[in-house]
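Protein chains in written order, with the numbering used here: chain D, 794 to 1130; chain L, 4 to 272.
Read the hints as simulated data drawn from the structure, not as lab findings. We put the CB at the ideal spot given by N, CA and C, even for glycine. A few of these clues could be false.
[Claimed, not checked] Short derived list, chain L residues pointing at chain D, Cβ under 8 Å:
#1 Gly5
#2 Arg8
#3 Leu9
#4 Ala12
#5 Val13
#6 Gly16
#7 Arg19
#8 Thr23
#9 Ala99
#10 Ile100
#11 Leu102
#12 Tyr103
#13 Arg104
#14 Pro105
#15 Ala106
#16 Arg265
[As the list claims (entries may be wrong)] Over 10 Å on every C-beta distance to chain D, these chain L residues come out as not near it, computed from the model:
#17 Val26
#18 Ile41
#19 Leu42
#20 Ala145
#21 Asp146
#22 Val158
#23 Gly183
#24 Pro206
#25 Gln260
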Amino acid sequence: MDTQTDTQKDFGPADDHGDDFIRLDGVEKVFDVRKKTGFMRSERRQVRAVDSISFAVARGEMVGYIGPNGAGKSTTIKMLTGILTPSGGRLRVAGIDPSRERTRLAHRIGVVFGQRTTLWWDLPLIDSYRLMHRMYRIPDARYAENLDRCVELLELAELLDVPVRQLSLGQRMRGDIAAALLHDPEVLYLDEPTIGLDVISKAKVREFLRHLNAEQGTTVLLTTHDLTDIEQLCRRVMVIDHGRLMYDGPLTGLHEIGESERTLVVDLERELPPIEVESARVVKVEGPRQWLAFPAAQSAAPLVARIAAAYPLVDLSVREPDIEAVISRMYAEKATS
Amino acid sequence: MGTWRLYTAVAAGAFRRYATYRVATAAGVFTNTVFGLILAYTYIALWDERPGLGGYDQSQAVTYVWLGQGLLAAVAVMGGGFEDELIERIRTGDIAIDLYRPADLQMWWLAADVGRSAFQLLGRGVVPMAFGGLVFHLALPADAGTWLAFLVAVVLGLLVSFAIRYLVALLAFWFMDGAGVQQLAVLAGLFFSGMTLPLNVFPGALGELARALPWSALLQAPADVLLGERTGFALWRTYAFQAAWAVGLLAVGRMVQSAATRRVVVQGG
Ligand SMILES: Nc1ncnc2c1ncn2[C@@H]1O[C@H](COP(=O)(O)OP(=O)(O)OP(=O)(O)O)[C@@H](O)[C@H]1O
Ligand SMILES: [Mg+2]
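Hey, can you work out the whole structure from these sequences and the hints?
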């Protein structure tokens, strides 16, 4: 059996129309949760993890899928892989109904759950890759080529003979990303691929994903709590909260809607009254340290220059708006408009 | 063909993985040997009192003890097989990863358990057996045919053992605190496999029942073959008994598996 080719799409069912590689129409997932209320007694409750979501992703797109904890991101990804069956609505990936034809779809998708690993814990990294080779029936030449590319770009050469349990989190994550790509998936789902990574590891992962999307044309769907991931990778972002799609569009639009702000943290030489400066306001003072909020769309450089000119500045840092804040502002916006 | 290579790779990986647990293996060999000594002297006292108990003479009884210790880890009656890991994966939701792969869950774990038991037959089985042979007079067969027949019975026994443990593990999809079920299964396995006492010493209905249950395929059946109690037609009957339980329980396992993966929910975010 050969791996997927683009021609397969032509043989797909008729509903694989247009460029929509992933398509959701009013998809829902309801969990039955049983809560113990006493001896032998329990209460049943329904949790709407995903509540009538519709969107489409075209081949070759790189889309960010964000939202606060418990929003329904992982649940959506699980449905897209076929391991959870939607309670309602219609879902297609490459024309395939994932939960019905999980195994057929498996050859065409790659999945990375940041908090879990697909690698063999007690064995050297390379053993897991050999297993992928067999599992996805990757032609030998293709396997060698893909492995070489991943090893080079993800800097895995020194790690191949190391047992997975001895890898650091960042190394393991890179190992997992490579494992998900050896069979040339047409789409890659990443559920928090940068969780717990340091700045350098994050940068490596991002650089790799950008390369993958640009060079291989792999469609990427990415969830994260780090807005920088999205800023650097995705032109399009979808925001989900309480199982509902709140926003679908460019990231800049999200900032506008959310009126999001970045924070400038400055350390002064000594305790001083709140800094007074144009286009920023002090939100917190703690000894010689002060926090200033300013619009996310605005550059920090002139602001820093103005403060440095008027105050005894020792140190500073800029904090990106966190996604929770952006979304809570979005909510407030919805409620008032 | 391609599938075959995948599951061979899984089995080989499991074999190598267990081979990395050197300290655990050494500790296990030591425990099996000590236990074998205690049981062997107990059996000797018992068979002194009741010669020919259960149709075994004394050296057959002692052989049975060392055989039991040799197979203990491989058939995993006291746990320690793949099932702990599978239950943990279901509980934590790591099972999600096993489910989106283009591989069959039951075949995957069967292959892994075959690799594990192959290692444990060698790593945990040979030394206690050899030790028993040095210290006691064992009633071991001289002809290769009986050894071969024994090996077939062991393989069938391992299949039955896997099938039982797979079913128990899948219950974790429904009962998240499945430890109780697992402990019950271990208890039943210890007794009904004949690991404590050979099943043919039990008289009456209890004996009949014990010999008809699937666990008797794990130790009692291979032991009877090795001790020369099953030849000709009786040998084929033993095989048929083991194979029937293996096929039946594996089939039930498949049904439960498809119910579990269709209806039940994968845990965690
Ligand atoms: N197996 C389950 N059983 C019951 N409820 C569940 C289950 N899995 C998820 N949920 C519920 O569904 C909702 C969405 O969960 P999900 O894991 O999709 O969130 P998420 O967006 O991935 O959050 P996070 O950012 O924390 O990972 C939550 O309210 C969660 O409690
Ligand atoms: Mg999640």
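Task: Restraint satisfaction for Tyr103 of chain L [CB to CB of chain D, less than 8 Å] - done: holds, 4 Å
Open item on the list: Is the interface hint satisfied for Leu102 of chain L? The criterion is a beta-carbon contact with chain D at less than 8 Å.
Closed with: holds, 4 Å
TODO: Closer than 8 Å between Cβ atoms is the bar; does Ala106 of chain L clear it against chain D? Give me holds or violated.
DONE: holds, 6 Å
TODO: Check the non-interface label on Pro206 of chain L: least C-beta distance to chain D beyond 10 Å or not.
DONE: holds, 40 Å
Task: Non-interface claim for Asp146 of chain L versus chain D (Cβ beyond 10 Å) - done: The assertion about Asp146 of chain L holds, with a minimum of 39 Å to chain D.
TODO: Verify the interface restraint on Thr23 of chain L: the C-beta must sit less than 8 Å from at least one C-beta of chain D.
DONE: Hint on Thr23 of chain L: holds, closest Cβ of chain D at ~6 Å, below 8 Å.
Task: Minimum Cβ-Cβ distance from Gln260 of chain L to chain D exceeds 10 Å - done: holds, 13 Å
- [ ] Find the nearest Cβ of chain D to the Cβ of Ile41 of chain L and say whether that gap is larger than 10 Å.
- [x] Ile41 of chain L is indeed farther than 10 Å from all Cβ atoms of chain D, at 32 Å.
Open item on the list: Quick check on the hint: Gly16 of chain L CB to chain D CB, less than 8 Å?
Closed with: holds, 6 Å
- [ ] Using 8 Å as the Cβ threshold, decide whether Ile100 of chain L counts as touching chain D.
- [x] holds, 5 Å
Task: Supplied contact hint for Pro105 of chain L, tested at 8 Å Cβ to chain D - done: holds, 4 Å
TODO: Hey, is Ala145 of chain L genuinely clear of chain D, shortest beta carbon separation above 10 Å?
DONE: holds, 40 Å
Against the hints set out earlier in the document, no violation occurs for any number.
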